[in-house]
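Starting from the given sequences, assemble the full structure and let the hints guide the process.
Heads up, the sequence shown is in the working numbering, so the first residue is 8 and it goes up one at a time.
It is worth saying that the hints were derived from the structure and are not from the lab.
Keep in mind it's a predicted model, so treat the numbers as computed, not measured.
Among the hints, erroneous ones may be present.
Ranges of calculated distance between the beta carbons of each label pair, as one might list FRET restraints [unchecked claim]:
{"#": "1", "residue 1": "26", "residue 2": "58", "range": "56 to 62 Å"}
{"#": "2", "residue 1": "73", "residue 2": "44", "range": "39 to 45 Å"}
{"#": "3", "residue 1": "29", "residue 2": "67", "range": "35 to 41 Å"}
{"#": "4", "residue 1": "73", "residue 2": "35", "range": "52 to 58 Å"}
{"#": "5", "residue 1": "35", "residue 2": "11", "range": "34 to 40 Å"}
All residues carry an ideal CB built from backbone N, CA and C; glycine is no exception.
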Amino acid sequence: MKSIRTKLLVFMLLFILIPLVITGYFSTNIAESILKNKINDSNQAALSVLNKYINSFKQNTEDSVKFQ
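Encoded structure:
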């Protein structure tokens, strides 16, 4: 037969561990979502800069060809 001390210890461990596991799970999911959004925003900004550079290069090349 288990002693009261063992039962209380098991109960207290479960009482502490279950909320920690749940909080950790949700924190990880929220952090992952935020990180994905930041990466997408960063990629969009980089693509926008690259697109402007390519368009500028294209325009300069077209202008150069027109003058020759």
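Structure-based check of all given hints:
no.	hint	in the structure
1	26 / 58: 56 to 62 Å	violated, 47 Å
2	73 / 44: 39 to 45 Å	holds, 43 Å
3	29 / 67: 35 to 41 Å	violated, 58 Å
4	73 / 35: 52 to 58 Å	holds, 56 Å
5	35 / 11: 34 to 40 Å	holds, 36 Å
Of the numbered hints listed earlier, those contradicted by the structure are 1 and 3.
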